[in-house]
Amino acid sequence: MKTITGLKIQSRDKNKVNVYLDGAYFCAISLETCVKHNLKPNTIIDEKVLEKLIFESEKKLAYEKALKLVSTRYKTQKEVKDYLASKGYVPEIIYYCLKKLGEYDFINDEKYAESYMSHHLKKDGVIKIKQQLFAKGVSPEIVDKVVGQVDNQEEQILALKEKYMKNKEDTKENYLKLFRYLQGKGFRVDEILKVLKEAECYI
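Position in the sequence shown (first residue = 1) + 689 = this note's numbering.
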(Lines of atoms letter the chains of each structure in order from A and count residues from 1; the text may use other names and numbers.)
(Lines give C-alpha, C1' and ligand atoms only; values in the text may rest on other atoms or scores of the structure.)
Protein backbone atom coordinates (compact mmCIF):
# COMPACT_ATOMS: atom_id res chain seq x y z
CA MET A 1 0.00 0.00 0.00
CA LYS A 2 1.11 3.55 -0.72
CA THR A 3 0.03 6.99 0.44
CA ILE A 4 -0.86 9.72 -2.02
CA THR A 5 1.22 12.62 -0.77
CA GLY A 6 0.57 15.02 -3.61
CA LEU A 7 -1.64 15.76 -6.60
CA LYS A 8 -0.51 18.56 -8.89
CA ILE A 9 -2.17 19.74 -12.10
CA GLN A 10 0.42 20.02 -14.86
CA SER A 11 1.24 23.55 -15.98
CA ARG A 12 1.52 22.55 -19.65
CA ASP A 13 -1.62 20.39 -19.66
CA LYS A 14 -4.42 21.36 -17.30
CA ASN A 15 -6.20 18.06 -18.03
CA LYS A 16 -3.42 15.95 -16.48
CA VAL A 17 -2.45 15.51 -12.85
CA ASN A 18 0.92 14.44 -11.48
CA VAL A 19 0.54 11.85 -8.72
CA TYR A 20 3.08 11.58 -5.88
CA LEU A 21 3.30 8.49 -3.67
CA ASP A 22 5.21 8.60 -0.39
CA GLY A 23 6.78 11.89 -1.41
CA ALA A 24 8.02 10.76 -4.84
CA TYR A 25 6.56 11.31 -8.32
CA PHE A 26 4.76 8.16 -9.48
CA CYS A 27 2.76 8.94 -12.64
CA ALA A 28 0.47 11.34 -14.48
CA ILE A 29 -3.23 10.63 -14.96
CA SER A 30 -6.13 12.52 -16.47
CA LEU A 31 -7.89 15.05 -14.27
CA GLU A 32 -11.18 13.31 -15.09
CA THR A 33 -9.89 9.98 -13.74
CA CYS A 34 -8.59 11.71 -10.63
CA VAL A 35 -11.96 13.34 -9.91
CA LYS A 36 -13.99 10.27 -10.91
CA HIS A 37 -12.18 8.08 -8.36
CA ASN A 38 -11.98 10.80 -5.70
CA LEU A 39 -8.21 10.70 -5.38
CA LYS A 40 -6.98 13.04 -2.65
CA PRO A 41 -3.75 13.71 -0.73
CA ASN A 42 -3.18 11.46 2.29
CA THR A 43 -5.31 8.73 0.71
CA ILE A 44 -3.89 5.22 1.11
CA ILE A 45 -4.10 3.27 -2.13
CA ASP A 46 -3.02 -0.09 -3.47
CA GLU A 47 -0.47 0.25 -6.29
CA LYS A 48 -2.36 -2.33 -8.35
CA VAL A 49 -5.53 -0.28 -8.06
CA LEU A 50 -3.61 2.80 -9.12
CA GLU A 51 -2.14 0.93 -12.09
CA LYS A 52 -5.69 0.13 -13.24
CA LEU A 53 -6.59 3.80 -12.93
CA ILE A 54 -3.51 4.68 -14.95
CA PHE A 55 -4.59 2.29 -17.69
CA GLU A 56 -8.07 3.80 -17.68
CA SER A 57 -6.54 7.27 -17.88
CA GLU A 58 -4.19 6.28 -20.71
CA LYS A 59 -7.08 4.88 -22.73
CA LYS A 60 -8.96 8.15 -22.40
CA LEU A 61 -5.94 10.30 -23.24
CA ALA A 62 -5.00 8.10 -26.20
CA TYR A 63 -8.53 8.24 -27.56
CA GLU A 64 -8.58 12.02 -27.25
CA LYS A 65 -5.31 12.25 -29.19
CA ALA A 66 -6.62 9.88 -31.87
CA LEU A 67 -9.89 11.80 -32.11
CA LYS A 68 -8.01 15.06 -32.54
CA LEU A 69 -5.89 13.46 -35.27
CA VAL A 70 -8.85 12.24 -37.34
CA SER A 71 -10.78 15.48 -36.84
CA THR A 72 -8.34 17.37 -39.09
CA ARG A 73 -8.77 14.99 -42.02
CA TYR A 74 -9.69 11.36 -42.66
CA LYS A 75 -7.00 8.83 -41.71
CA THR A 76 -6.53 5.12 -42.32
CA GLN A 77 -6.39 2.63 -39.48
CA LYS A 78 -2.67 2.19 -40.08
CA GLU A 79 -2.02 5.94 -39.87
CA VAL A 80 -3.84 6.15 -36.53
CA LYS A 81 -2.12 3.01 -35.27
CA ASP A 82 1.34 4.30 -36.23
CA TYR A 83 0.58 7.68 -34.66
CA LEU A 84 -0.46 6.19 -31.32
CA ALA A 85 2.49 3.79 -31.35
CA SER A 86 4.82 6.75 -31.88
CA LYS A 87 3.33 8.28 -28.73
CA GLY A 88 4.31 5.17 -26.76
CA TYR A 89 0.90 3.58 -26.29
CA VAL A 90 0.75 -0.18 -25.86
CA PRO A 91 -1.11 -2.41 -28.39
CA GLU A 92 -4.08 -2.98 -26.05
CA ILE A 93 -4.77 0.76 -25.81
CA ILE A 94 -4.23 1.24 -29.54
CA TYR A 95 -6.70 -1.56 -30.29
CA TYR A 96 -9.25 0.06 -27.94
CA CYS A 97 -8.92 3.39 -29.76
CA LEU A 98 -9.17 1.86 -33.24
CA LYS A 99 -12.22 -0.14 -32.24
CA LYS A 100 -13.97 2.87 -30.72
CA LEU A 101 -13.12 5.14 -33.66
CA GLY A 102 -14.43 2.47 -36.03
CA GLU A 103 -17.68 2.11 -34.11
CA TYR A 104 -18.37 5.83 -34.57
CA ASP A 105 -17.20 5.66 -38.20
CA PHE A 106 -14.39 8.13 -37.50
CA ILE A 107 -12.07 5.75 -39.34
CA ASN A 108 -13.25 3.71 -42.30
CA ASP A 109 -10.62 2.54 -44.76
CA GLU A 110 -13.10 1.97 -47.57
CA LYS A 111 -14.51 5.49 -47.29
CA TYR A 112 -10.99 6.82 -47.02
CA ALA A 113 -9.96 5.00 -50.20
CA GLU A 114 -13.02 6.26 -52.09
CA SER A 115 -12.37 9.84 -50.99
CA TYR A 116 -8.67 9.62 -51.79
CA MET A 117 -9.29 8.16 -55.22
CA SER A 118 -11.95 10.74 -56.07
CA HIS A 119 -9.55 13.54 -55.14
CA HIS A 120 -6.59 12.17 -57.10
CA LEU A 121 -8.24 10.74 -60.22
CA LYS A 122 -7.78 13.88 -62.31
CA LYS A 123 -4.04 14.07 -61.81
CA ASP A 124 -2.94 10.50 -61.10
CA GLY A 125 -3.46 7.12 -62.69
CA VAL A 126 -4.99 4.16 -60.91
CA ILE A 127 -1.62 2.38 -60.70
CA LYS A 128 -0.14 5.22 -58.66
CA ILE A 129 -3.31 5.59 -56.59
CA LYS A 130 -3.20 1.90 -55.71
CA GLN A 131 0.43 2.15 -54.63
CA GLN A 132 -0.32 5.17 -52.45
CA LEU A 133 -3.29 3.48 -50.79
CA PHE A 134 -1.21 0.37 -50.11
CA ALA A 135 1.43 2.60 -48.52
CA LYS A 136 -1.23 4.07 -46.24
CA GLY A 137 -2.16 0.60 -45.04
CA VAL A 138 -5.41 0.08 -46.92
CA SER A 139 -5.99 -3.62 -47.55
CA PRO A 140 -5.62 -5.05 -51.09
CA GLU A 141 -9.26 -6.15 -51.01
CA ILE A 142 -10.52 -2.61 -50.35
CA VAL A 143 -8.09 -1.07 -52.86
CA ASP A 144 -9.13 -3.48 -55.61
CA LYS A 145 -12.81 -2.90 -54.87
CA VAL A 146 -12.54 0.89 -54.95
CA VAL A 147 -10.13 1.19 -57.87
CA GLY A 148 -12.14 -1.41 -59.78
CA GLN A 149 -14.95 1.14 -60.07
CA VAL A 150 -12.85 3.17 -62.54
CA ASP A 151 -13.63 2.14 -66.12
CA ASN A 152 -10.88 4.12 -67.80
CA GLN A 153 -8.97 7.37 -67.49
CA GLU A 154 -8.72 8.38 -71.13
CA GLU A 155 -10.30 11.80 -70.50
CA GLN A 156 -7.80 12.57 -67.75
CA ILE A 157 -4.91 11.40 -69.92
CA LEU A 158 -6.08 13.59 -72.81
CA ALA A 159 -6.42 16.63 -70.53
CA LEU A 160 -2.93 16.13 -69.13
CA LYS A 161 -1.57 15.55 -72.63
CA GLU A 162 -2.99 18.88 -73.81
CA LYS A 163 -1.55 20.67 -70.81
CA TYR A 164 1.86 19.03 -71.15
CA MET A 165 2.20 19.65 -74.87
CA LYS A 166 1.14 23.30 -74.69
CA ASN A 167 3.85 25.45 -76.27
CA LYS A 168 5.86 22.33 -77.17
CA GLU A 169 6.72 21.20 -80.68
CA ASP A 170 5.02 18.12 -82.10
CA THR A 171 8.13 15.97 -82.25
CA LYS A 172 8.72 12.30 -81.55
CA GLU A 173 11.13 13.24 -78.79
CA ASN A 174 8.45 15.32 -77.02
CA TYR A 175 5.90 12.56 -77.49
CA LEU A 176 8.28 10.09 -75.83
CA LYS A 177 8.75 12.50 -72.93
CA LEU A 178 4.97 12.85 -72.74
CA PHE A 179 4.58 9.09 -72.64
CA ARG A 180 7.11 8.75 -69.80
CA TYR A 181 5.43 11.62 -67.95
CA LEU A 182 2.01 9.96 -68.14
CA GLN A 183 3.45 6.59 -67.21
CA GLY A 184 5.13 8.18 -64.19
CA LYS A 185 1.75 9.55 -63.14
CA GLY A 186 0.51 5.99 -62.87
CA PHE A 187 -1.76 5.71 -65.88
CA ARG A 188 -2.16 2.39 -67.66
CA VAL A 189 0.15 1.96 -70.65
CA ASP A 190 -2.59 0.67 -72.95
CA GLU A 191 -4.78 3.71 -72.23
CA ILE A 192 -1.87 6.10 -72.72
CA LEU A 193 -1.02 4.55 -76.09
CA LYS A 194 -4.66 4.63 -77.19
CA VAL A 195 -5.02 8.35 -76.38
CA LEU A 196 -1.72 9.25 -78.04
CA LYS A 197 -2.62 7.27 -81.12
CA GLU A 198 -6.01 8.95 -81.45
CA ALA A 199 -4.30 12.33 -81.01
CA GLU A 200 -1.76 11.34 -83.69
CA CYS A 201 1.11 11.60 -81.23
CA TYR A 202 3.12 8.74 -82.68
CA ILE A 203 6.07 7.42 -80.70
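If you are wondering where the hints come from, they were derived from the structure by calculation, not from laboratory data.
The beta-carbon is built from N, C-alpha and C at its ideal position, and this holds for glycine as well.
Be careful, since some hints might not be right.
Stated by the list, open to error - Distance condition first, Cα-Cα at most 35 Å in a straight line; then the derived DSBU-like pairs of lysine-lysine: (1) Lys857 with Lys800; (2) Lys729 with Lys767; (3) Lys800 with Lys850; (4) Lys741 with Lys691; (5) Lys776 with Lys748; (6) Lys705 with Lys749; (7) Lys817 with Lys855; (8) Lys855 with Lys754; (9) Lys767 with Lys691; (10) Lys852 with Lys866; (11) Lys850 with Lys757; (12) Lys748 with Lys812.
To be verified - Just the calculated beta-carbon pair ranges, DEER-fashion: (13) Val724 with Ile816: 18 to 24 Å; (14) Lys703 with Glu851: 53 to 59 Å; (15) Pro780 with Ile892: 49 to 55 Å; (16) Lys866 with Gly777: 23 to 29 Å.
Report task. Assess, step by step, whether the Cα of Lys767 is no farther than 35 Å from the Cα of Lys691, and give holds or violated. Result -> This hinted pair is violated, its Cα atoms lying about 40 Å apart.
Query raised in the report: Does Lys800 lie within 35 Å of Lys857 when you go C-alpha to C-alpha?
Result: Status violated; Cα separation ~40 Å.
Report task. Given the hint of 53 to 59 Å, check if Lys703 and Glu851 actually sit that far apart at their C-beta atoms. Result -> Between Lys703 and Glu851, where Cβ atoms are some 57 Å apart, the hint holds.
Query raised in the report: Between Val724 and Ile816, is the Cβ distance one that fits in 18 to 24 Å?
Result: 54 Å, violated
Query raised in the report: Straight-line Cα separation of Lys800 and Lys850 no greater than 35 Å?
Result: 30 Å, holds
Query raised in the report: Does Lys729 pair with Lys767 here, judged by a C-alpha cut-off of 35 Å?
Result: Given pair Lys729, Lys767 is violated - Cα atoms ~39 Å apart, limit 35 Å.
Query raised in the report: Is the Cα-Cα distance between Lys741 and Lys691 35 Å or less?
Result: Holds, at roughly 15 Å.
Requested in this report: With a cut-off of 35 Å on the C-alpha distance, tell me whether Lys776 and Lys748 pass.
Outcome: The hint holds at about 12 Å.
Report task. Take the C-alpha atoms of Lys855 and Lys754, compute the straight-line distance between them, and say whether it is at most 35 Å. Result -> Outside the cut-off at roughly 47 Å; violated.
Query raised in the report: Using the C-beta atoms of Pro780 and Ile892, is the stated range 49 to 55 Å upheld?
Result: Distance hint for Pro780, Ile892 holds at roughly 52 Å.
Query raised in the report: Does 23 to 29 Å hold as the CB distance between Lys866 and Gly777, or does it fail?
Result: 48 Å, violated
Requested in this report: For the pair supplied as a hint, Lys852 and Lys866, confirm whether the alpha-carbon distance does not exceed 35 Å.
Outcome: Status holds; Cα separation ~13 Å.
Hint compliance for this structure: hints 1, 2, 8, 9, 11, 12, 13 and 16 are broken, all remaining hints hold.
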